[in-house]
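J.: Residues per chain are reported as follows:
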Amino acid sequence: MNAKVTQTNPEGSAQKEAPKSEGERKKGSKFLQILLVPILALLTGFIIGAIVIALSNDAVIAAYRNFFHAPGAALAATWKAIVTAYGALFNGSIGSFTEIRQGIQSYYATGDSKPFLLAIYPFTESLATVTPYILAGLAVAVGFKCGLFNIGAEGQFGIGALCSAFVGYSIHGLPWFIHLPLALLAGAAGGALWGAIPGYLKGLTGAHEVVITIMMNYISFRLSDWLLNGPMKAPGYRPLTPVVESSAMLPRFFPDPLRFNWGFFLALAMAVFVYWFLFKTTIGFEIRAVGANPDGARYAGMNIVRNFVIAMTLSGGLAGLAGATQVLGIDHWVGQGFSAGYGFDSIAIALLGQSHPLGVVLAALLWGTLRSGATRMQSLAGVPIEIISIIQGLVIVFVAAPAFIRWIYRIRAISVQTTVLTRGWGK
Amino acid sequence: MPPVLELRGITKSFPGVLANDAIDLSVEKGKILALLGENGAGKTTLMNILYGLYKPDKGQIFINGEEVTIHDPSDAIARGIGMVHQHFMLIPVMTATENVMLGVEPTRSGIFLDKAKVSKRILEISKQYDLEVDPQACIGDLPVGAQQRVEIIKVLYRQADILILDEPTAVLTPQEVEGLFKVLRSMVANGKSVIFITHKLKEVLAIADTITVLRNGRVVGTVNAKDASQEKLAAMMVGREVNLVVKKKTATPKDVVLSVKDLYVRDERQNLTVNGASFEVRAGEILGIAGVQGNGQTELVHTLTGLAPVVRGEISIMDKPVRHSSPRNVLERGVAHIPEDRQRHGLILSFPVHDNLVLCTYYQPPFAKGLALQQKVIVETAEKLVTQFDVRTPNVFVPVSTLSGGNQQKVIVAREFSRPIQLLIASQPTRGLDVGSIEYIHNRIIEKRDEGTAVLLVSPELDEIIALSDRIAVMYKGKIVDILPAAKVNKTYLGLLMAGVKPSEALEAAPATTQEIEVERVF
Amino acid sequence: MKRISNIFAVLAVFVLLLTACGPAATTVAPATSVPPVVVPPTAVPAVPTNTLAPTLKVGEVTDFGGVDDKSFNALGWKGVTDAIAQLGVSGKFLESNVQSDYAKNIQQMLSENMDLIITVGFNLGIDTAIAAKANPNTKFAIVDYTFPDCWPGAVEGTDCASATELPNVRGLTFQTDEAAFLAGYLAAGMTTTGKVATFGGIAYPSVTIFMKGFEAGVKYYNQKHNTTVAIIGWDNATTTGLFTGNFSSTDDGKSFATSLVQEGADIIMPVAGPVGLGSAAYCQTSAKCLIIGVDTDWFVSANEYASVLLSSVQKKVDVAVFKAIQDAVNGTFTGGTDNATLASGGLDLAPFHNFDSQVPQTLKDEIAQVKADIISGAVTVDGVLATP
Ligand SMILES: Nc1ncnc2c1ncn2[C@@H]1O[C@H](COP(=O)(O)OP(=O)(O)OP(=O)(O)O)[C@@H](O)[C@H]1O
Ligand SMILES: [Mg+2]
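Chains as they are written, first to last, in this note's numbering: chain A, 1 to 427; chain B, 1001 to 1523; chain C, 2001 to 2388.
By construction, these hints were calculated from the structure, which means they are not laboratory data.
The structure presented is a predicted model; accordingly, all values stated were derived computationally and were not measured.
Among these hints, one or two may not hold up.
Calculated cross-link-like contacts (lysine to any residue; reagent style SDA-like; alpha-carbon spacing at most 25 Å) [unchecked claim]:
no. : chain 1 : residue 1 : chain 2 : residue 2
1   : A       : Lys114    : C       : Thr2239
2   : A       : Lys280    : B       : Arg1419
3   : A       : Lys233    : C       : Ala2203
4   : A       : Lys233    : C       : Ser2248
5   : A       : Lys280    : B       : Tyr1363
6   : C       : Lys2078   : A       : Val305
7   : B       : Lys1055   : A       : Ala403
8   : C       : Lys2254   : C       : Asn2354
9   : B       : Lys1376   : A       : Gly111
10  : B       : Lys1232   : B       : Leu1090
11  : B       : Lys1376   : A       : Thr282
12  : B       : Lys1384   : A       : Val305
13  : A       : Lys280    : B       : Thr1361
14  : C       : Lys2133   : A       : Thr281
15  : A       : Lys233    : C       : Ser2111
16  : C       : Lys2078   : C       : Gln2262
17  : C       : Lys2133   : A       : Ser106
18  : B       : Lys1369   : A       : Ser106
19  : A       : Lys280    : B       : Ala1372
20  : A       : Lys80     : C       : Ser2111
21  : A       : Lys114    : C       : Lys2078
22  : C       : Lys2057   : A       : Phe254
23  : C       : Lys2133   : A       : Thr282
24  : B       : Lys1127   : B       : Glu1067
25  : A       : Lys280    : B       : Ser1026
26  : C       : Lys2133   : A       : Asp58
27  : A       : Lys233    : C       : Lys2078
FRET-style restraints, in silico, Cβ to Cβ [what the hints assert, rightly or not]:
no. : chain 1 : residue 1 : chain 2 : residue 2 : range
28  : B       : Lys1029   : A       : Leu358    : 52 to 62 Å
29  : C       : Trp2151   : A       : Gln102    : 43 to 53 Å
30  : A       : Gly173    : C       : Gly2336   : 32 to 42 Å
31  : A       : Leu35     : B       : Lys1226   : 54 to 64 Å
32  : B       : Gln1128   : A       : Arg306    : 55 to 65 Å
33  : A       : Gly173    : C       : Trp2151   : 17 to 27 Å
34  : A       : Ile34     : B       : Gln1159   : 32 to 42 Å
35  : B       : Gln1293   : A       : Arg306    : 50 to 60 Å
Facing chain B, according to a computed beta carbon distance under 10 Å, are these residues of chain A, among others [said to hold, decoys possible]:
no. : residue
36  : Tyr275
37  : Trp276
38  : Thr282
39  : Arg288
Where a beta carbon is used, it is the ideal one built from N, C-alpha and C, also for glycine.
Using the sequences plus the hints, can you model the full thing?
T.: Here is the structure:
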């Protein structure tokens, strides 16, 4: 056989021929593809959640005992249980449109704004709940971007809360535009310090940050026990801090009991800041490079230890700020149950948001909204609040194991670079 | 009889790239087909399709004349197709036996692993095909060549009839390549078929029966190995004449740029791997370090670039010591480094091409103003470099991991050459590159030399060292055993030194220099 | 074919998940809490009739730990369930998992127009005050707390909630030292080593009050019998004592009991919630000590340790809660403080159960006498402690 050498088209490169519009269209659909798995994961989580709701409902179980005599009744009971639960969840997290309409009507009719405020309470409460999740989720995401697993967000959150509470209640007579930023800053600084220590220790000794941050959590738990029972205790006998001065409070948009406050917009601003910092600055460039390939980063002249410290400081600072917004915006004082797992939930949020600031904001919105609506679901539909934990847990599992979701829905794997979250143990 | 494997009209596109364009290909039973093509021509993509890793957009696959659809690798294995990837898929902490049985574990009474059975079968296979492997050895302890043999056994154990090898020789020493060829020959003698990807034309001519050449995702032609020559194949691949001989003027060395005196370095396991090495590189010359891999070259380069600490001895660049310099410090003194392991050191794979092109300079103007990265400048610069160095990529925004192996290497070269440099340290700069790119990079290195850059070239390829260097230093067990002019070097003498023979004894066997030789590139 | 097998596999995974999640869900929301809405048979909301008096709606907001904490949250909920059974009210609860839940749960109860909201624990003090002030028509009762919650020098209404502003809140407090006094007396009478011990979780007044009463009881016994029974773990003169620092670690309970026994104590009263169960476990395996329980009758709530349970200091939260509900039903609900005492029946020393035969009758009689003296005011805890 002779060689058929085509010499006519030396530069006829396929890539140059590929129409540009196609490339751009693909770029747009790439975004959809990234969202596809989380959305399907959420859907699947809710479907399984519905099954659990049905199975834990006595009326449904009773109806199924009778399935062969009255299959319709059994199905109706199932449907009713699920609709009641998810309906209450929706009303609890977004609000009931009927109530909102009635609220508006009664405001025009009587001038009384209370029904309207109560009608928007669920939605505003959801946004208020979301706030610390956004900030703490960003904290963990920044760590992930540098290849660090910051399990210490919980401790940093608590320390941040205590610091800002201290500044908030111990200083009197300052105007709000000084006192509030000062209190916020104190929270961020406290968390930053609590994050910088493990970052530095890791860089210096090579100790694994997971171990150190867990230890830092324990130290912060005990420290706050001690502070709440001693130096920071309010007069009286309860183990809690005094209420912060009103000049240090994050202003609320509506009267009590609506707790929606400036903190939410502060959190959104921080998400923008983190995006800018990670993707538009030289420091962010280094942090991401160190996270993606520390050997390559070192080769390119980057200082690994310095980046660990910077990333952990920023991470801790964000977690501390989360604690600060919670104290200054929502609780106004710190007691023992101040943080029940914000820092740990935020790990899940960062995972769900693929460590991208926008993803974190979306994940936190979802997370906080579900949490917030769960109260109403529990109270009105009698569905235990743990159902929400189950749904959230399932969503995380599915997002962490996207192959499973792809397989259920038979989606082909797409070649999106998987995010490096953290490198394994040791090394 | 129909061919064992036939591909018809296989087409596959990635965003912005038509990687395979209506490819037809056939493999006869008991034959070796070599797949040739430039970097990014689509060879790996085509093989990944065959192995079920990608789904083709169009096209048919026939095995023994019967049309098949391959959904995933397990489908491929079931159809008798096996693949040895360029990056091995072995688990280092497991033994050869355990790695081979992974995924197809045989059991006794349904629950107990039957390792003995696997070991026995491995020994059978290794005897049949001359594949020397210790079934009990831990993979992490084996040299690369032996690991590759384990990969091949793994494929044969699954009873593959068609074996795909993607650039298997890129990581092997010349001796290991010989061993591999022996195995391949005995495999085809046993009725198996092989698809073999490489960039080295000599190897192709030595082993293949037929050769199919791809360019830009299309089949350019298929020739019989008997009828082919290196020149002809090179021209088919690149679409133009390729100069197979390195042409360069005599060097005019000037001041000493790099001087290394009595250097000692430990590796990660604390073994002394550089053992009192001394040499100098002058501006305007290329010093080649020849030596079998693992004689301290890696650690030497790491120390020169600030990645590993000096135990004892002195390094100075432009008369300034570098003993405690950080990598950045070294880079800022005008040192460029093409690392030996491009994926581990040279690139941040998940980063886009443009970020990788400024990986060492992102913090300097004009790429940054204060803290803020100047995205526009970076992208513009990157686009210029991509054109200048002919990096085949749909655009500069795709992750560098989606580029073909050779194009990844070009990104590194483009980055390092685009900075103002006094000293170039190049470790295996043409590993995995196609003939055209090798020509290009060789010419650029010589150009740099002629501009007055000092070049330290480290490569286990003797041919490349001889072709490029002005002087050759032979490294053995962490020492520089001899330094001699490259122009008239005697290959036999060099070989003896590399094998550890003392210069005085080597001289008895062969003279250090011969007549002026015409040096060919390594392909 | 492939599709069908996929569907089967997915179903299989669902089943696995369900079996995995099922028990988890029920342990967190155990039998007592499912269904949380307990509507008595008399209340048929679907058929509103004018002849029936409207059912009183009671909501309980718990502190952390939830209604199945076998301690005061559980007791508070028992008060509500008792009221549901006996008074025909309707009731439900919401559990708090984090500080910000307090206000939110109270708000949820308000939005459902509860008539009486019971908040359990002093941690809910601030949020209860805020909600009560904003909703003067809703009744509140808070366990272990009372208003005004002022301290010396505080300005009522600014630094602390003012009592006049909160006529709709009843604080349910417990003079636990009176019952602990009896326990101390009992312990002093039963010890063979001449040393008894107590330790707390964290030095909250609601904890130390037990220890104080216990010390007073021991001291009173010594005065009466001219003995020198010593108490380890609390000294009222310096108000210092032994604390684990938490209310959760049974390991701490074990190790504290171990060292107290080494110091010679043979009867221990742990005031640290579940931590005490660790101490009981130690006593049971070592047979070197006896335990006096707190809050509930541990013979009932932790029967597995019956063999070492001498008695318990009962703080009858359920009785106080029930009474608040009853008053609301009868229209006699008032704000202020309902301080439970031995006299009111809101406190008691639990029966001796397994040890009934071992406690000498004379000691039993003396304890009955001490109880009567406390009720009559002839003996007071502070009085005993004040004597040299
Ligand atoms: N997963 C992917 N996503 C996007 N583009 C890809 C992907 N894989 C390959 N490509 C593109 O397809 C083209 C063909 O790549 P391929 O890896 O098949 O080349 P190759 O012939 O193996 O080259 P080399 O000899 O350099 O290894 C290249 O332009 C590459 O950029
Ligand atoms: Mg390839």
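J.: Each hint: holds or not?
T.: Hints, one by one, checked against the model:
1. A:Lys114 <-> C:Thr2239: Violated: Lys114 of chain A and Thr2239 of chain C sit about 49 Å apart, past 25 Å.
2. A:Lys280 <-> B:Arg1419: Holds. Lys280 of chain A to Arg1419 of chain B sits at ~22 Å (cutoff 25 Å).
3. A:Lys233 <-> C:Ala2203: Answer holds: Lys233 of chain A to Ala2203 of chain C is near 12 Å, not above 25 Å.
4. A:Lys233 <-> C:Ser2248: 22 Å, holds
5. A:Lys280 <-> B:Tyr1363: Satisfied, since the Cα-Cα distance of roughly 11 Å is no more than 25 Å.
6. C:Lys2078 <-> A:Val305: The hint is violated at about 57 Å.
7. B:Lys1055 <-> A:Ala403: 16 Å, holds
8. C:Lys2254 <-> C:Asn2354: The hint holds at about 22 Å.
9. B:Lys1376 <-> A:Gly111: Violated, because 56 Å separates the two Cα atoms, which is more than 25 Å.
10. B:Lys1232 <-> B:Leu1090: 37 Å, violated
11. B:Lys1376 <-> A:Thr282: Judged against 25 Å, a Cα distance of about 14 Å means the pair holds.
12. B:Lys1384 <-> A:Val305: Given pair Lys1384 of chain B, Val305 of chain A is violated - Cα atoms ~34 Å apart, limit 25 Å.
13. A:Lys280 <-> B:Thr1361: 15 Å, holds
14. C:Lys2133 <-> A:Thr281: Violated, at roughly 51 Å.
15. A:Lys233 <-> C:Ser2111: 33 Å, violated
16. C:Lys2078 <-> C:Gln2262: 39 Å, violated
17. C:Lys2133 <-> A:Ser106: Distance of about 24 Å is within 25 Å: holds.
18. B:Lys1369 <-> A:Ser106: The hint is violated at about 57 Å.
19. A:Lys280 <-> B:Ala1372: 6 Å, holds
20. A:Lys80 <-> C:Ser2111: 23 Å, holds
21. A:Lys114 <-> C:Lys2078: Violated. Lys114 of chain A to Lys2078 of chain C sits at ~35 Å, over the 25 Å cutoff.
22. C:Lys2057 <-> A:Phe254: 29 Å, violated
23. C:Lys2133 <-> A:Thr282: Between Lys2133 of chain C and Thr282 of chain A the Cα gap is close to 54 Å, so the pair fails against 25 Å, i.e. violated.
24. B:Lys1127 <-> B:Glu1067: 34 Å, violated
25. A:Lys280 <-> B:Ser1026: The given pair, whose Cα atoms are some 50 Å apart, is violated under the 25 Å limit.
26. C:Lys2133 <-> A:Asp58: Between Lys2133 of chain C and Asp58 of chain A the Cα gap is close to 39 Å, so the pair fails against 25 Å, i.e. violated.
27. A:Lys233 <-> C:Lys2078: 32 Å, violated
28. B:Lys1029 <-> A:Leu358: 52 to 62 Å: About 55 Å separates the Cβ atoms of Lys1029 of chain B and Leu358 of chain A, which means 52 to 62 Å holds.
29. C:Trp2151 <-> A:Gln102: 43 to 53 Å: Given range 43 to 53 Å: holds, Cβ gap about 45 Å.
30. A:Gly173 <-> C:Gly2336: 32 to 42 Å: 36 Å, holds
31. A:Leu35 <-> B:Lys1226: 54 to 64 Å: Holds, since Leu35 of chain A and Lys1226 of chain B (Cβ atoms, about 56 Å apart) stay within the stated range.
32. B:Gln1128 <-> A:Arg306: 55 to 65 Å: Holds, since Gln1128 of chain B and Arg306 of chain A (Cβ atoms, about 56 Å apart) stay within the stated range.
33. A:Gly173 <-> C:Trp2151: 17 to 27 Å: The hint (17 to 27 Å, Cβ to Cβ) holds, given that Gly173 of chain A and Trp2151 of chain C are roughly 22 Å apart.
34. A:Ile34 <-> B:Gln1159: 32 to 42 Å: 40 Å, holds
35. B:Gln1293 <-> A:Arg306: 50 to 60 Å: 34 Å, violated
36. Tyr275: 13 Å, violated
37. Trp276: Holds, about 9 Å.
38. Thr282: 4 Å, holds
39. Arg288: Holds, because the Cβ-Cβ distance from Arg288 of chain A to chain B comes to roughly 7 Å (cut-off 10 Å).
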